[in-house]
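Taking the hints into account, I'd like the entire structure generated from these sequences.
Here is how the chains run, residue by residue.
Protein chains: 4
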Amino acid sequence: MVNVGIVGVTGYAGQELMRILSSHKMVNIVKITSKSYKGESFKNLYGNYSHLNYVCDEEDMEELSKLCDVIFLALPHGLASKKINKDILEKTKIIDLGADFRLKNVDVYEKWYTEHYSKDILKEAVYGLCEINREDIKGKRLIANPGCYTTCSILSLYPLVKEGVVDLNSIIIDAKSGVTGAGRGVGLSNNYCEVNESLKAYKIAKHRHTPEIEQELSLACGKDIVINFTPHLVPMDRGILATCYANLNGNYDYGQIKSIYEKYYGNEYFIRLMEKGEFPETKWVKGSNFVDIGFEIDKRTNRIIVIGAIDNLFKGAAGQAVQNMNLIFGFDEKMGLDYIPIFPA
Amino acid sequence: MVNVGIVGVTGYAGQELMRILSSHKMVNIVKITSKSYKGESFKNLYGNYSHLNYVCDEEDMEELSKLCDVIFLALPHGLASKKINKDILEKTKIIDLGADFRLKNVDVYEKWYTEHYSKDILKEAVYGLCEINREDIKGKRLIANPGCYTTCSILSLYPLVKEGVVDLNSIIIDAKSGVTGAGRGVGLSNNYCEVNESLKAYKIAKHRHTPEIEQELSLACGKDIVINFTPHLVPMDRGILATCYANLNGNYDYGQIKSIYEKYYGNEYFIRLMEKGEFPETKWVKGSNFVDIGFEIDKRTNRIIVIGAIDNLFKGAAGQAVQNMNLIFGFDEKMGLDYIPIFPA
Amino acid sequence: MVNVGIVGVTGYAGQELMRILSSHKMVNIVKITSKSYKGESFKNLYGNYSHLNYVCDEEDMEELSKLCDVIFLALPHGLASKKINKDILEKTKIIDLGADFRLKNVDVYEKWYTEHYSKDILKEAVYGLCEINREDIKGKRLIANPGCYTTCSILSLYPLVKEGVVDLNSIIIDAKSGVTGAGRGVGLSNNYCEVNESLKAYKIAKHRHTPEIEQELSLACGKDIVINFTPHLVPMDRGILATCYANLNGNYDYGQIKSIYEKYYGNEYFIRLMEKGEFPETKWVKGSNFVDIGFEIDKRTNRIIVIGAIDNLFKGAAGQAVQNMNLIFGFDEKMGLDYIPIFPA
Amino acid sequence: MVNVGIVGVTGYAGQELMRILSSHKMVNIVKITSKSYKGESFKNLYGNYSHLNYVCDEEDMEELSKLCDVIFLALPHGLASKKINKDILEKTKIIDLGADFRLKNVDVYEKWYTEHYSKDILKEAVYGLCEINREDIKGKRLIANPGCYTTCSILSLYPLVKEGVVDLNSIIIDAKSGVTGAGRGVGLSNNYCEVNESLKAYKIAKHRHTPEIEQELSLACGKDIVINFTPHLVPMDRGILATCYANLNGNYDYGQIKSIYEKYYGNEYFIRLMEKGEFPETKWVKGSNFVDIGFEIDKRTNRIIVIGAIDNLFKGAAGQAVQNMNLIFGFDEKMGLDYIPIFPA
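Residue numbers (our numbering), protein chains in the order written: chain A, 8 to 352; chain B, 8 to 352; chain C, 8 to 352; chain D, 8 to 352.
Read the hints as simulated data drawn from the structure, not as lab findings. The hints are all genuine.
Calculated lysine-lysine pairs in the BS3-like style (CA-CA distance at most 30 Å, straight line):
1. D:Lys42 / D:Lys130
2. C:Lys306 / B:Lys111
3. C:Lys98 / C:Lys32
4. B:Lys213 / C:Lys265
5. C:Lys118 / B:Lys283
6. A:Lys169 / A:Lys270
7. D:Lys118 / D:Lys147
8. D:Lys50 / B:Lys213
9. C:Lys45 / C:Lys89
10. B:Lys145 / B:Lys341
11. B:Lys283 / C:Lys210
12. C:Lys213 / B:Lys270
13. B:Lys50 / A:Lys283
14. C:Lys283 / B:Lys118
15. C:Lys50 / D:Lys341
16. D:Lys111 / D:Lys147
17. A:Lys210 / D:Lys265
18. B:Lys45 / B:Lys32
19. A:Lys118 / D:Lys265
20. A:Lys306 / D:Lys118
21. D:Lys130 / D:Lys210
22. B:Lys230 / B:Lys213
23. D:Lys50 / C:Lys32
24. A:Lys73 / A:Lys90
25. A:Lys210 / D:Lys210
26. C:Lys270 / D:Lys50
27. B:Lys230 / B:Lys210
28. D:Lys306 / A:Lys230
29. B:Lys169 / C:Lys306
30. D:Lys169 / A:Lys306
31. A:Lys341 / A:Lys111
32. B:Lys213 / C:Lys306
33. C:Lys126 / C:Lys145
34. A:Lys210 / C:Lys50
Pasting the structure below:
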C-alpha cells in the first residue's frame, strides 16, 4: 500500500483523482488539502461524495512529505514550483498535474507562463507521458504529468514524427475540449448560458500547451518543431478531440501508416487504434484512460489527418497521474484504471 | 464465480449491465445475446468496448439456462413472459429488467401492457426493490427488477406511506427523466434536435409505471392507493428526479419525518438521506447505485415535498439488477456496485 | 412613435427587451442604462449586437423621465421601489419587469422580499398580465410586469379557478425553468459543468413567485388560495413548463373543461390551446410570446393536470413588457411581438 | 408582392424558410409542398406553427411554376435536377437550396454526388453567394444557393485568396457544425444520446462541400485550388464555425490583412469583421443572417488562422436563399432578414 496525499483537491482534476484513487486497491489516501477550503468537508463541495467523510486539510508540504509516499499536486501553474524543493523530494515522490515541471527549458516556461521558483530540480523532472516515457518514469521522484490537450496531441502525432513520414513544418493541430477543461473557477465565460449551444476558438496562437507539444515532438525527431495549435470550447462536460494535419513526405498508403502506429502502440493497452474508415468520438472514451486514434490520408493533397480522443479529466489529467504512480511504484500499469468508458453519459 | 448470461444486451440497459458485470469480481460473463444483432461484434454497436471482443449470440434460452447460473433479461415488455417458464427456472435464475413480472395482478398487467404468457410462474416472482424486499430476494430464482421511475418514486415515499403519516389519496408524483430512459430505439421523437433545449411531459395519466408504484405503496400500507404520476423528458442523458407531494395527516415537523426516514434507510448504504435544506440533484448520483432523498414540509399547506434522485440506467436498471444478483447468491450487496458518482459528466 | 428608455439593460431580460424593441416599428430607443456598465458599448457585453452602436448610459431617472414616454425597468427586486415616485410617474410611464409592484399587500411583499420604498404609489400599479387585466392596463402609467413562472402558472390555472371547477385547497404547481431564469450573475451554481446534464428542485416551499400566483388566483375566485409551488432548474437556455395539479370539484369530462378554456382564451392570439392528447413542449414557444396550454383529466383520481409552456425571457419577461406597452399606448397588441417560434434552437 | 412556393418544406431548412418568409413584407406564400406529407397540416409537423393553418400540397412543379414568381427547392441532392428544366424556368424563378446546381463542372458533380438530369440548364445557374456574386444574381432565374459549410468557409477565405496573400496549396479548413446540419432524418446517429456530450469528425477527406469550396476559391484567384476540409459534429442545435489555416506568402501584419478584409467586406451589412483579438462565437450569430469573421496571424509559423461563424439554417440555408430572392427581385437586400441574433438560445 502506498500512502497518498492530494494537494489542491477541490478542482475538477483533484476531485477526479479522489474518485480514481478511492477505488485503487494499493492506495491509502492519508490527506487531502485545499488552501481555500481548509477544514471543509469534501462532501459539501462535491455532493457525489455525500456518503464519505473526507475533510480538506491545510496545505502543509512538510507534513505531507512525511506522511505520504507520493503527493499529487493539482494546482494552478506557478504554485507547484514554489511548493517543492530538494528536501521535499528526499522524503516523498511528487506527481505534479500542473505545468511547472513540463517544460525543460526554463526560458520557454517563463516566456509562456511565469517565473519559475525551483529551477534546480527542474532537470530531474520526467515528462510523464506513460506510453512514450514509460521506462524513464519508473522509480522516479518528480513527474510532470502532461497537459490534457498535449496528451491527446502528442500521442496522435508521435509515431509520424518519430518515423519522419511527415513534413515537420506542416503540423497543424485543431483541438476541441469540453468545458471541464476550463476548471471550476467562477466567471461569466464559464456560465451555462454563455457556453451552452455555442462554439468558439480561444487563445489562438497563444495557448500554453503549444510549447509542450513542440518540446515532445522535437524530442521525438531530434529537430526543433514549430506547430499551430488552436483550441476550441465545445458545449459538453468532458472530452478532447484533436484533429491533426500534416503533409506526408512521400507516397504512403493507409496500410503503411497503420503499420507505423502499430509499431508504437500495438501493445499499448490504453491506446486503441481505430480500423480503416473509423474515427474517434469522445463519447467512446468518457470516464476511461483510453486514447482512441484514427487517421485518413487525403490523396488529393497528400496530407494525413490524424484524430485523437481522450477524456480530458481522466487520461488528460487524473488517470494519467495514477498511471504514473503505478509505474513509479511498480504496480500493474492498469491498476485502478481499467474502466470501460461510461455511455451514454 | 457465477456464470452469467445477458439477453437483450444491445439496449442501453443491457450495455450498462455489461459494463457493471465486466468489473464484478465474482462474475463470469459466458454469453451475451441479441435477436437483432446475432453474430455481431459488440464493439461495433458500442465503441466504448473497442478493446474487448464480445460477440452477440443467438437468444437460445434453453442453452443459456444450461450454461448460466443467472440470466439477465433486458427486453421490451411482453417478451420475457414468452421466454421463460418453469423448466427454465429449474435450471437457472432469472433477473428480468423488464415489466413482465412486476405486477402481481395479471389483470392489471394486461390492462396496462399486453397479454401475459407465463401466468403460472408470475406468483413466484419477487419484486426486486432491494432496500424493501431484501430478505425476500435472497436465494430466489425469479426477480422482477423494478422500473426506473418506480425505483425512485417508491423509495422516496415508502417510509411515509408505511408509517401512515400522509393522506393516501393525496399522492402526486411529478417525475423527470433523462433521455436514456427512452432507450436506443430510432424515431423522430428521439432525435437530438427534437429533444435538445426543450422539455415536455408525456403519457400523462397513462404511464405504465403508475400501477407498479401503486402496487408497492399499497403493499406497504395495506390499503389500495391510487396516485398521479406524470413523467417528463429532460434534455440530458441520465438521471431521474421524482418530486413527490402528499398531504400530511398531522402536524409533523422536519425532525419527526427525518426520524422516520432514518428508521427505514439509516443503515442503507445506497440510500443517502440529505441534510435539512439540501435536496437531491441528479448529477450527484450519476454512474452510481445511490438514491438521494431529501424533503421539505410546507407549513402553509401542511404538505410534504419529497425529492428522490437516481441514475436511471444504474440504480434504475442495471445496477439494481446486479444488486439483486448479489442478494440471490449471497455476495456482499455492494459488490461491483460501489462507485463514487462520476462528476462532471 | 414612443420614446423608450431601458434601465438595467445588461441582464438577460434587459437585452431581450433591446432585441424586441429594436424591431418595433413604433419605438424609438432613446436611452439604455446600466449602473455597472455606464459608458460601456453594449456590443462589448453582447456580441450579437456587434453591428449596432448602443452605449450604456447612467441611470438617471430624472433625465430619463423627461426624455422617455415609457421607461422599462429590468432590475433586481428592491431597486425599482427606490427609483420611482409620483414625480416620475407624472412625467412618464413605467413598466417594471421586477417584483416591486406586483404584490398589492405591502406586508406580503416585505415578508417575501425586502423593505418597500414607494408604498404610496403601490396601489396604482396594475398587474400586467395582459390576457387577464387587459382593460385595466390601457392608458395606465405604472405596470408591474408579471414574473416568468407566475405568467405561466396563472394563465394555466386561471379559467379553472375563476369558474370554480377545482378544489382551491388542492393546487400544486411543479414548474421547470431553463437557466436564463437565473440571470447573468456569476457564481458556481451557474457554471456550465454544474448545471449541464443535471436536474434539481430549488427554493422548495420558499420561492417568491408563490405569493404572486396566490394573489392573482385569489383575485380570480374571490377567496384566499394557498398553493404549493416547486421550481426546478433544467439544463437548457430558455423555457418554462408548469405542470399544475388540482382536484376537480365534480365529474367533468374533457370537453367541458375545454369549453371553459375556450371561453377565456378562445380569442387570445398569444394563447394556443392544445388539442386533446397534445401537450405543450417548450421548444414550440421559444423566441415567441405564445403561451401553450394543454390538459388531461385523470379519471382514476379525478384530478386535472394542466400544462403550460412559455419562453421565460419573452412572454415571461420582455415580450409581455412590450405587450403591456402596446396596450398602454393603444397600439395593436401584437405589434413587434408576432414571431413564429424559432426551431430548432 | 411576389408569390412564393416552397418545395420540400418539411425539412429543417424548409421550415426555416417558412419562418423567414412568413414575416417578409413583400412575400405571399401561395403553396408549400412535401412529397412525404402531402395533405398534412404543417402544424402537425412543427408545433411552433400551431397558430397557423398551412397545409402541405403535392409537389406539382408545373402548377407551382404557374402560380409562383419564385420557387424555393429544399430537397435532397439529385432531386432538383430532375424537377426543373427550361420550360419551368421560362415561367418562374428557382432558388435551389440543394447542391444540384452549385458545381459548374458536371463531371465533378457526378463524381461527388450522383447523375445530373438537367445539364442543359446548369450553365445558367448562378452561385448565390450574395456578398461575392451580388451583381450576377440580380434578375437571374436559377440560383444555386450555397451550402452551409461552404458559405462560411468561402467567405472566411475569399479576400485572402483573391488578393493572393496566402499559399494556395496550404489551405486547411477545420469546420464544426451543430446537429441541424444533419437534417430531420431519423437514424441512430441522430439520436439524442448518441450525439449529446460527444464530438466527432466525419466524412474526412470525403465531404461533398469540398469541391464547392474549391470551385469558388479557384474562381477567385484564377488557379485550381485543392484544399483539406474536415467537418465535425458538435452537440448543439445551430451554428457553424470554420477554422481556416493558410501559409502567408509574405511578411504581413494584422493591419495589412485587416485592410484586405475591409476592402471586400467593409460595406457588407451581413458580414461583421471582428476587432483585433476578438473571434467569432456561434452564439452571436444565432437566428440571424450575419457572418462573423476574425483572424490571427501566428508569427512563429507565418500562418494565418481565420475563423468564420454563421447560423447554418439561416445564412447557411434559408436566410441566404431569401437574400438571393431579394436580389433577384430588386428588394432591399436586408428585407425580412435584419434580425438581431437571439441570445441566449
